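Q: Model the placement of chain B on the given structure of chain A, informed by the hints.
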Amino acid sequence: MQVVVCVKQIPDPSGTYTLDPETHFLVRPDEQVLDDTDRYGVEMGLQIAQAHGGSVTLVSMGPKGSMQGIRQALAMGADRAVVVDDADLKGSDALTTAQVLAAAIQRTGFDLVITGTESTDGYSGVVPQMLAELLDVPALTYATEVEARDGKVTINRQTSAGYDVVEASLPAVVSVTAGVVEPRYPTFKGIMDAKKKEVEELTASDLGVDTSLRQRVTAVEPAPEREAGVKIEDDGEAHLKVVELLQQKKVI
Amino acid sequence: MNIYLDDDLRAIQAQTAEYVEREIVPKAGAWEQEGRVPREVLRHMGEVGFFGLRVSEEYGGIGMGPLASVVFAEQLGRSTFGGFTITVLAHTDLAMPYVAKFGSDELKQRYLPSMVAGEMIGALAVTEPDAGSDVASIRTTARREGDGYVLNGTKTFITNGVEGDLVVVAAKTDPEAKGSRSISLFLVEKGTPGFSVGRALSKMGWRSSDTAELVFEDCFVPASNLIGEENRGFYCIMQNFQNERLVLAGQSLGEAQRAIELTVDHVRNRRAFGATLWDKQAIRQRLAMHQARVDAARQLTYHAAWLESQGEDAVRVVSEVKALVGELVNDVLYDCVQFHGGMGYVAETAVERLYRDARIQSIGGGATEVMLEEVAKRM
Chain A
25 MQVVVCVKQI PDPSGTYTLD PETHFLVRPD EQVLDDTDRY GVEMGLQIAQ AHGGSVTLVS
85 MGPKGSMQGI RQALAMGADR AVVVDDADLK GSDALTTAQV LAAAIQRTGF DLVITGTEST
145 DGYSGVVPQM LAELLDVPAL TYATEVEARD GKVTINRQTS AGYDVVEASL PAVVSVTAGV
205 VEPRYPTFKG IMDAKKKEVE ELTASDLGVD TSLRQRVTAV EPAPEREAGV KIEDDGEAHL
265 KVVELLQQKK VI
Chain B
105 MNIYLDDDLR AIQAQTAEYV EREIVPKAGA WEQEGRVPRE VLRHMGEVGF FGLRVSEEYG
165 GIGMGPLASV VFAEQLGRST FGGFTITVLA HTDLAMPYVA KFGSDELKQR YLPSMVAGEM
225 IGALAVTEPD AGSDVASIRT TARREGDGYV LNGTKTFITN GVEGDLVVVA AKTDPEAKGS
285 RSISLFLVEK GTPGFSVGRA LSKMGWRSSD TAELVFEDCF VPASNLIGEE NRGFYCIMQN
345 FQNERLVLAG QSLGEAQRAI ELTVDHVRNR RAFGATLWDK QAIRQRLAMH QARVDAARQL
405 TYHAAWLESQ GEDAVRVVSE VKALVGELVN DVLYDCVQFH GGMGYVAETA VERLYRDARI
465 QSIGGGATEV MLEEVAKRM
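Line by line, the protein sequences are chains A and B. Positions 25 to 276 (our numbering) are the ones given, in order, by the first sequence. Positions 105 to 483 (our numbering) are the ones given, in order, by the second sequence.
The hints are simulated quantities; they were obtained by calculation from the structure and are not laboratory data. Treat the hints with care, as some may be off.
FRET-style restraints, in silico, Cβ to Cβ [to be verified]: (1) A:E46 - B:R143: 55 to 61 Å; (2) A:K220 - B:P142: 32 to 38 Å; (3) B:G167 - A:D54: 28 to 34 Å; (4) A:S148 - B:T380: 38 to 44 Å; (5) B:M447 - A:D258: 25 to 31 Å; (6) A:E46 - B:G167: 45 to 51 Å.
Predicted, not measured: the structure shown is a model, and the values here were computed from it. We treat Cβ as the ideally placed atom computed from N, Cα and C, and that holds for glycine.
Isolated chain B, as found in the complex:
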């Protein structure tokens, strides 16, 4: 029972948990080796309806709010395959909301049904070699020309960059104006002339997620693919960053919770010096405190998502959540590996993978330091 979870959310939770256990966990080890999640997996998830949580019924979804995304992300996180989880979330919660929330009716009609069905996979391209959390200082440009725009620039660390079919690209449309009033968003299809994937990046964790550098060289995009109003992109990005941070927190919480469970199982069975490791107070109390922290952080995350769903200004609490949970999942995994002993250091055990996957959570989607500044500004 949880005050934030009604019957619908609990149904989403149960359905996702079952799907992850039956369809993902037994197969995802191979995807880590291949460095990608097979398309048929994403298509099947689309058929079952996992990608339409935040999309209105008109376009094939069920029109739920941010709490649904958090619950969904948490259950995906429990798979222990962060690369798989982020492949899905980059599509559903990083890229798709721009089309669903800010896109024109024409854009929605053209793309949302196939994105919901998993036939087209999305990616979000904001980050550049010289601009990450500092979105206002991006350098990619979109020059008005005829019936469209010409894009030039380079994006990096783009999740689903190689495999994605549709990329939401942030570019400057007014080089004279202040950073926050100069950015527009475009939906660019894979295969558009002038758009190429520079290279796939090899990472410490999230190995089954593809991460790429994207290059735009005189890439013409029709004006109908502009998302929202010209020069208002920065505000759309800031708005959806709240959602992005919430789902990343949900993912981390699912991963931390699963890691604690795996570790409790392990220490209950592992014997040393005449007793199980669970019999050592130092170990079980550390795990109990981690559990307390995860429970507390989960409630704060649900609360933040609920505030966001009520249309309240949730920037402070969402930033608190992102900073807190990004660090927490790393603390938890440090001890989980420690308590697994040598096994925790062996490649491709779940805690070893979770440990590597956790490291990005205090960096990606708003680094802890940036998040804490957002909190401090509001204190």
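If we strip away everything but chain A, and leave its shape as in the complex, we get:
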């Protein structure tokens, strides 16, 4: 089974970054890390490939920088990586991103594409669905469990009430939630070996993707300050007020 896992390099979330005042784009450091939520997809892909035989190819779009984040995913055990880096793709919207990824995945070939639900820096949350549409395969989203075998993939799809069991024939795109599996730690040997693994570097024109389609960020506003909470003094009846408040907020 040929498994493709979409991964993204993002700035280390523990750091502090600035926005370009002109474009409102994040000023990205050269050294970026693997998006933590992608570790679940990589782990899932590795488990499926190990159980049924096959390979795991990483596909990523974005400034390659030092490739540290890609190497992290390779160190976990992925076989190879395809990285699309192109100055023309700077600030791509979700659709352009999905088009680039779809073209790279078509070129690689796939039975199963695994993605996270959304990236930790962009948070658009629509790329997996767009990707499935562009690849013309089913999209199975928000998976908390995944099983792929005999030309089929079955997932538990997280819902607000619990989960739905969703099944589709392969090839397909599956987006996984954090916690779907426990990501392994790369072994030191894995880290050393990752340096020797094949990383193919492509541009948008290599893939024939039109980069002119573009949404523009017109303004960025700081998030509003949090308002002070409600203080309820306990006079023996406080629990009733708490219940009332929760009902007002429609929590209960």
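A: Just chain B now, with coordinates in the frame of chain A:
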């Protein structure tokens, strides 16, 4: 960026740091209470590959040098749980190198893969009630008999003595010869008849590390478990003491650095007399000087490890490092507790534990006084 750290070493540093933060720090408080590190933790560390840094690929490791051990020890030290750190280092850097470096192919094949995997944990038994840094004067004997040796004697202050499965034991094989030419090393498995654990010792610090007295009474060890050549053990010990001292320095530096960070956090938040403690020059300048000392000592430690990795005679600089860092971590922790005020004296806060753990660093693995003599001899 650091001139001594290449991509591989930085990867080891990052991987260890992440593992410590996610898997060790949240759990290690309980291990301090229990007085031991659970075996499943060590097995998991083995699976991830933490124990094979210095072992060749043939036996499941990645064949790195002393700088890797120092970087690893430093990150373990940052956990603030010295007992956990020494449990690991006693296995990887005190005991295992004897098998990996001096052991026969047969010994390596038999034991290294399971030591790398964390299935068997090692301990080093040199110290005795009457012989510590003065290795040549140990009294444990190994008498040749048939196809092996019979060991008699008592070892003390042995880290991993209770929990360990394999002990590297130093014993005299030639009672007539000069101390340095009379010692041999043996790998003794737990459960060998005549080998018993005398008692576990309760300590000021390193509470999650087990420390024991080991007793050998007519304990028969097959000749195949001799490590290296007969009567050449003293030289093996002297060689690996360099590595041991480097990793202890790495551990201390990680602990000192973490203590400074915790203290800076604390004094930035703690207010007294209308301002934070950080606003008092006397306090922040003392912390700044400690930071300068730690940075300088770290560079010297990396340099010493690099010299050692180049096969240079590094005894003087390694001894300088051990003496310097063993004292430094105590100086730093004294002030860190002071600047934490009453909180620093409360049991099981990180600085309180680090303060207790630091005390051994100027004693164990070569006391400051012994280290300074090694330096002085070479001046």
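Q: Give a verdict on every hint.
A: Evaluated hints:
1. A:E46 - B:R143: 55 to 61 Å: holds (58 Å)
2. A:K220 - B:P142: 32 to 38 Å: Taking Cβ atoms as reference, K220 (chain A) and P142 (chain B) lie about 35 Å apart, which means the hint holds.
3. B:G167 - A:D54: 28 to 34 Å: holds (30 Å)
4. A:S148 - B:T380: 38 to 44 Å: Taking Cβ atoms as reference, S148 (chain A) and T380 (chain B) lie about 41 Å apart, which means the hint holds.
5. B:M447 - A:D258: 25 to 31 Å: holds (29 Å)
6. A:E46 - B:G167: 45 to 51 Å: The hint (45 to 51 Å, Cβ to Cβ) holds, given that E46 (chain A) and G167 (chain B) are roughly 50 Å apart.
Violated hints are absent here; each numbered hint is respected by the structure.
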